[in-house]
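**Student:** Protein chains in written order, with our numbering: chain B, 1 to 319; chain E, 1 to 565.
These are computed hints drawn from the structure, not numbers from a lab.
It is possible that some hints are incorrect.
[Claimed, not checked] No farther apart than 20 Å at their CA atoms in a straight line, the calculated lysine to aspartate or glutamate pairs in the EDC-like style are these:
no.	chain 1	residue 1	chain 2	residue 2
1	E	Lys-131	B	Glu-211
2	E	Lys-131	B	Asp-146
3	E	Lys-490	E	Glu-256
4	E	Lys-297	E	Glu-118
5	E	Lys-204	E	Glu-118
6	E	Lys-131	B	Glu-52
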Amino acid sequence: MSRFILRRLVQAVPTLFGIMLLTFLLTRLSPADPVDFIIGGSTDVTAEQREEIRESYGLNRPLPVQFVDWAWDMMRLDFGKSFYSHRPAIQLIAERIPNSLQLAVVGFVVALTIGIPLGVVAALARGSPADHGIRVLSVVLNAVPDFFLGLLFVLILGVQLRWFPIGSMNTIGTDCTLCWDRAWHMVGPVLLYANGGIATYPRYLRTEMLEILGQDFVRTARSKGLRERWVVLRHVLRNALIPIVSLFGGILTIVIGGSVVVEQIFTWPGLGRLLFEAANNKDYPVVQAAVIIGSVLLLASYILRDIAYAWVDPRIKVR
Amino acid sequence: MSRFAVVFITVVLVGAACASQTSQTPAPSVVDKPVAGGRIVDGFTSDIKTLQPVLSSDTASSGVWGWIYLSLTRNDPDTGEVVGRLAEKYELSADGLTLTYTLRDNLVWSDGTAFTGEDYKYTAEAVMRSKKTIRKGTFDNVAGAKDYADGKIDGISGIQVGNNGKTITIRFTKVFCPAVSQMGGAGAGGIIPKHMFSKYWDSKTTDTTKNIDDNTMNMEPAVSMGPFLFKEYKPGDHVTLVRNEKYYAGAPLIEEYYIKFYADSTAITNALKVGEVSYSGVDPKDYEELSKVDTLKGFRFPSFSNGYIGWNPNNPKAPWLASKEVRQALWYGLNVNQIIDKVIFGYGKPVFANTLPTMWAYDDTGLNKYAYDQKKAKDLLEKAGAKMGSDGVYRWTDGQPIKMKIETNSDSNTRTTILQIAQEQYAQIGVKIDPLLESFQALTERTRFSKPDWEGVILGIAYGTDPDPYGVWHSSQATSTGLNRVGWSKGDALITAQRDGPDCSQAARKRVIAQHDKLLNDEAPWTFLYNSDNLVFSNKQMQNFDPRPFSSGSAWNIEKWWIKR
């Protein structure tokens, strides 16, 4: 087992290096000069002052030197400072992660809570109107873009009917995390987060369950006289859910990158909006730090998942 | 679909249809006398970057610190002329080389410390020593400023504070006519408290490695003197300010000023409709719809920006653009009034040169108004040497068809629509346009002066309150990063004359600026499009809210605003 873990860790190193190189190149080689953004279109800045600004951010050095310095700083956990606020990038990211995580976790739980029963119903009532309905719902939810659903929610339930807030984490003047006001503000963004899961999990689970329902051990369980409910819960669902566990790693993906649409529509001050603004402003240190931290977390979650799988199923270690 | 779902969706849709936007009319108030208290919510479309004026370069940040830190002067809300604020008066010497400010009596910071000229001097020195500021240009002509920046002396010798801190005298090395409008903010725009910041950075040092750039108070100003004081910043969400009881013009009636960050202007429009935001600027497309909302009141006044199509006369692939007649033809061949009606819904006016109608230097006498005239456009093209081809496209003197790109940024509906209209209308005068849409970053990069491979670009520009055309039109700005992307240089002498004196009087400057505008209007390096209006809506409960053309950034009568309940 320890050799397996070591192997996975060693494999992660070149992956991370590749991500660092790609992140660096993508940010640096994109069009436009970050100094233009830093000076905000000012007409009073002379070429000499531009150069001073460029130098103060270390942007005048050759690209390979910048990369090596940046990579070295990263390894020492120095993520640099924002070009604009001059605050440490890690601090900006740390301020936003809890907000994004809150949505992602609750959204994931809601997706599971709705998606799993729908999958079970579809599998057990295969071919019935309920099964067809669930599959149609799945296709529709998958087909409608998230931003469209979000805007519908805001415009109809928020602006027209005023049943829900149109955005933000709390009512202005209220500041609480575990309270009714926060829960009320989370309804829209959480539903949007959960939409993808509600659209996907039932189909996923239905396929898994139908496959397991036809297997020998299920027939054996039934022939032993176990009640159908027990067979489904204990033997079929439990086995069908194992692959879904791997989706937990996806939460991190959502927190790091997939939250932009939800956070933009619902004015949620999370990491997605921070990344969106940082990318728009060419705030390299923030974009790079967020991508690298996200990648490390993601790689770590994949390694942990693989280890857990290997622990459960020793055959995986051999593959 | 289940019966429940059908019923639910029906209820939602019917409810949405029935819900009236005008149902929230405020109840008539029994008290019309100003009352203290309440909260104002202002919507921003982006987060702040810093609350340090010395470092700030974005409008969101200045929109917040503008309430916290003040300048010695400000602009008259209607005329834009410089008037005193913290300074009771100012005086520029007859030779234009000495500017003296006299401060008001009894000015104090929020902690009770006296505000003096030393605070001004400290702020100016912070600007000159900062490595990350964009504002050093203000002090180009101030004696000793460069030596101080280079660490040769321990203070800017050209700024002297006297009379117990009540007078500030600034000595210039040469005449600089826009000085009065530019010096009031000590280069930063807002003056910071020396007694607070000098704990972290002492300006009396020749060590140039030390500066104000990484000060912890840059995000959390503890002491200030604007109408509001900083209370809290929640990144990505809001900034809370509270009224300053020691504000020199009298404490505001509003208790709390809350700046809320929204994702975009549509989110702010929605927030206005539901009553979450107290006032905000809106897009032209939303003006009519919001006008129907009973709870809101609309305001319309000219902005400080215009839109234009810039023509590159240096592109060898489009040699016709070097011809004045062709550029004039391109102006005659575009129906600007139609653009104003269709694209900005009539909320703007055509402009014919650099100076905007709201600026004190505006004088349109003798300017060609380029009334839409296809025949005149064709005549001018032919006068320049072009000949009509059999395919309806003019041929230039070298035989190549007059065919070129016009590019703009794809994320602007306004500009992409202008491009569509231009493409259609130019086709009617025999000029073929290939539209090119790209990201704003790519657009500004591609259409720099140093890059010859572009022909026409649709962009906009925001001006300062002084009508000085230097930053956009002087040949020194035709660089790889300057705003004079078309490289026009024929107005240099006039630009210098209105900037460097010796006569800096408004009348003299106005005369020279008008000559520059006339030259620009005739040469047509840009097809000037329109000066759009600022459109603002406020909740009707806000009283004495009265935005004017020159009051942006710091509302001129904030101390009188109150909320009717």
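**Student:** Now, for every hint given, state plainly whether the structure supports it.
**Tutor:** Structure-based check of each hint:
no.	hint	in the structure
1	Lys-131/E to Glu-211/B	66 Å, violated
2	Lys-131/E to Asp-146/B	44 Å, violated
3	Lys-490/E to Glu-256/E	52 Å, violated
4	Lys-297/E to Glu-118/E	43 Å, violated
5	Lys-204/E to Glu-118/E	12 Å, holds
6	Lys-131/E to Glu-52/B	7 Å, holds
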